[in-house]
Amino acid sequence: MADPRKARAPFAPWDRRELPGAFDVAESAKRVSHYKWIEMKLFEALGGWVATVPELDVKMRLGTHCYKHAWHAELWHKRLPELREMNPDRLTQPPNDQLVAFVDAMTEPEKPELTIEKLVGVYRVLIPHKIAAYTYHLNNTSQITDAPTIRSLRFALSDEFDDWRDGEMLIQSLIETPDDVERAARHQARLETLMVAAGGIAGPGSIGLPAEEVAP
Amino acid sequence: MRRHLPASELARDERFHTITMRDRMADPRAGRGRFEGDNGRRSNRLTPDLPSASEAARSMMHGIFVGEIQALEGAGRTCFDFDDIPFALKLDMARQAWDEARHVEISVKLSAWMGTEIGQFAENTVLFEAACSADPVMRLAGVNRALEGLAIDVFTTMKAFGELAGDPFLEFCEDWMLADEVTHVKMGSDWLRRLTESDPQRRAAALEFQSVVDKLFSYGGTRSDSDESMIGLARRFRELAGFTDDEISHIADVSDEALSEAKARKQAVRAGAGA
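Chains A and B, in that order, are what the protein sequence lines are.
For the first sequence, the residue numbers in numbering that gives the first Met the number 0 are 0 to 215.
For the second sequence, the residue numbers in numbering that gives the first Met the number 0 are 0 to 274.
Just so you know, the hints here were simulated from the structure itself, not pulled from any lab data.
Be careful, since some hints might not be right.
Unchecked claim - SDA-like, lysine to any residue: derived pairs with alpha carbons at most 25 Å apart:
(1) B/Lys185 to A/Thr63
(2) A/Lys77 to B/His249
(3) A/Lys110 to B/Leu169
(4) A/Lys77 to A/Leu55
(5) B/Lys185 to B/Pro50
(6) A/Lys77 to B/Gly62
(7) B/Lys185 to B/Asp166
(8) A/Lys110 to A/Gln187
(9) A/Lys77 to B/Pro85
(10) A/Lys77 to B/Lys108
(11) B/Lys262 to B/Phe86
(12) B/Lys108 to A/Pro53
(13) B/Lys185 to A/Trp70
(14) B/Lys108 to A/Ser172
(15) B/Lys214 to B/Phe171
(16) A/Lys110 to B/Ser132
(17) B/Lys214 to B/Leu163
(18) A/Lys77 to A/Lys110
(19) A/Lys110 to B/Ala121
(20) B/Lys108 to B/Glu170
(21) B/Lys108 to A/Arg182
(22) B/Lys185 to B/Glu196
(23) A/Lys110 to A/Ser172
(24) A/Lys77 to B/Glu170
(25) A/Lys110 to B/Arg2
(26) A/Lys77 to A/Arg89
Fair warning: this is a prediction, and the values are worked out from it, not measured in the lab.
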């Protein structure tokens with residue numbers, strides 16, 4: 000047995016975590032506040048749509064996914080005070096008006112025959128952008144100082160990948176004709192244009208430099 | 000998407016048919032309305048020895064299935080319809096949406112297990128109508144306390160049915176759903192108290208609405224303490240869900256009243272036919 004009093008390195012040889020990170024406390028808080036805002040808008044929309052989709056399998060999936068995004072919003076809500084934002088509601092803001100326009104357009108479809116549009120907006124546009132922004136944060140923030148955010152990002156990303164797969168398979172099962180393909184592509188292009196104008200779910204810099212370092 | 004979707008616009012596929020509560024209750028396959036007892040039976044409780052037990056159990060399970068769809072839709076709408084309700088209430092409603100989605104999955108599988116097809120029985124949308132109020136407190140009273148309370152009674156009855164019928168699959172699933180419903184009622188009771196803490200008038204109005212819904216769902220004497228009703232009042236689980244003794248007694252009274260009214264209606268029909 001090893002001598003328990005023998006001096007050991009504070010970091011095991013296999014622990015390669017780095018101290019430096021791209022985000023300071025304020026930048027991480029700002030991003031987290033935008034994450035909370037978009038998760039809220041997403042779970043509200045999914046919940047609202049449940050009653051408007053006639054397809055039983057889609058209805059049940061939307062109900063399930065609704066909770067997952069609510070849980071993500073709760074994770075971010077709890078993280079904000081730890082990042083010195085003592086009033087999480089005050090910082091729960093969209094990054095810009097363009098993202099509000101995106102969410103309005105994504106949430107707009109209501110009629111029962113518009114299930115493809117509802118699903119395309121969430122699973123072909125918003126969720127891929129969430130995966131991108133969360134992955135960027137995960138890969139660039141300090142692995143030691145911002146570890147609590149990293150833990151929540153990993154939980155959220157696990158759900159996002161599962162839900163994206165669910166949603167994409169539902170879309171593929173609903174698209175049966177060239178007209179359906181056209182409908183889906185048209186709606187995706189419209190929403191993607193709005194998302195590009197917003198710069199991503201956390202605004203410009205969502206998957207690039209921290210927002211304040213982005214040239215106007 | 001609009002806020003506040005009317006019940007008439009609930010989206011369904013071609014297998015679903017909507018009828019009124021009265022028509023739903025009049026469906027002879029449900030096995031209701033035999034207040035004098037069948038074949039010398041002294042109870043109308045849904046048990047395997049009821050002559051129409053298998054059809055009645057299928058009807059009840061299909062009723063649970065469509066009820067769970069509407070409960071899912073109602074919880075989802077409450078997430079979307081309001082900007083000014085507490086964040087934590089929205090989170091609870093989202094959680095309830097997930098729970099109800101699982102209940103839809105469970106009841107679809109149980110229905111198939113019992114030999115029922117989707118749409119074999121018709122649907123009435125009274126449950127969702129209770130979730131359409133513009134006041135979230137009314138929704139909590141009508142859905143979480145009255146209807147989810149009824150679900151506690153129904154699941155307790157179905158769990159006992161599974162146990163008596165030697166169907167561990169049914170008993171197992173009903174017990175899991177029962178656990179969720181107790182949580183939903185408790186959630187509703189807690190939020191109702193918190194949201195009306197400084198507004199006794201609003202609380203009184205909400206409790207009155209709950210009473211109306213409780214009576215509506217005792218329609219035809221379907222649910223009461225009396226053995227003449229198919230579904231009993233699950234007092235113990237209601238206590239666990241946070242109902243006080245007084246509240247349970249009130250529901251028992253309302254249910255008895257509904258049973259008496261149903262019996263009187265039946266007698267009147269008979270008298271009319273004999274005249």
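Taking the hints in turn, this is what the structure says about them:
1. B/Lys185 to A/Thr63: At roughly 21 Å apart (the allowed maximum being 25 Å), A/Thr63 and B/Lys185 satisfy the hint.
2. A/Lys77 to B/His249: Answer violated: A/Lys77 to B/His249 is near 40 Å, above 25 Å.
3. A/Lys110 to B/Leu169: violated (36 Å)
4. A/Lys77 to A/Leu55: With a Cα-Cα distance of about 34 Å, the restraint between A/Lys77 and A/Leu55 is violated, given a limit of 25 Å.
5. B/Lys185 to B/Pro50: violated (36 Å)
6. A/Lys77 to B/Gly62: violated (39 Å)
7. B/Lys185 to B/Asp166: With a Cα-Cα distance of about 29 Å, the restraint between B/Lys185 and B/Asp166 is violated, given a limit of 25 Å.
8. A/Lys110 to A/Gln187: holds (18 Å)
9. A/Lys77 to B/Pro85: Measuring from Cα to Cα gives roughly 15 Å; hence the hint holds.
10. A/Lys77 to B/Lys108: Judged against 25 Å, a Cα distance of about 37 Å means the pair is violated.
11. B/Lys262 to B/Phe86: violated (46 Å)
12. B/Lys108 to A/Pro53: holds (19 Å)
13. B/Lys185 to A/Trp70: Holds, because 20 Å separates the two Cα atoms, which is no more than 25 Å.
14. B/Lys108 to A/Ser172: Status holds; Cα separation ~22 Å.
15. B/Lys214 to B/Phe171: violated (29 Å)
16. A/Lys110 to B/Ser132: Distance of about 21 Å is within 25 Å: holds.
17. B/Lys214 to B/Leu163: Violated, at about 29 Å.
18. A/Lys77 to A/Lys110: Violated: A/Lys77 and A/Lys110 sit about 36 Å apart, past 25 Å.
19. A/Lys110 to B/Ala121: It holds: about 23 Å lies between the C-alpha atoms, which stays within 25 Å.
20. B/Lys108 to B/Glu170: holds (13 Å)
21. B/Lys108 to A/Arg182: violated (34 Å)
22. B/Lys185 to B/Glu196: holds (16 Å)
23. A/Lys110 to A/Ser172: It holds: about 19 Å lies between the C-alpha atoms, which stays within 25 Å.
24. A/Lys77 to B/Glu170: It is violated: about 38 Å lies between the C-alpha atoms, which goes past 25 Å.
25. A/Lys110 to B/Arg2: holds (13 Å)
26. A/Lys77 to A/Arg89: Roughly 13 Å between the alpha carbons, so the hint for A/Lys77 and A/Arg89 holds.
The earlier numbered hints that this structure contradicts are 2, 3, 4, 5, 6, 7, 10, 11, 15, 17, 18, 21 and 24.
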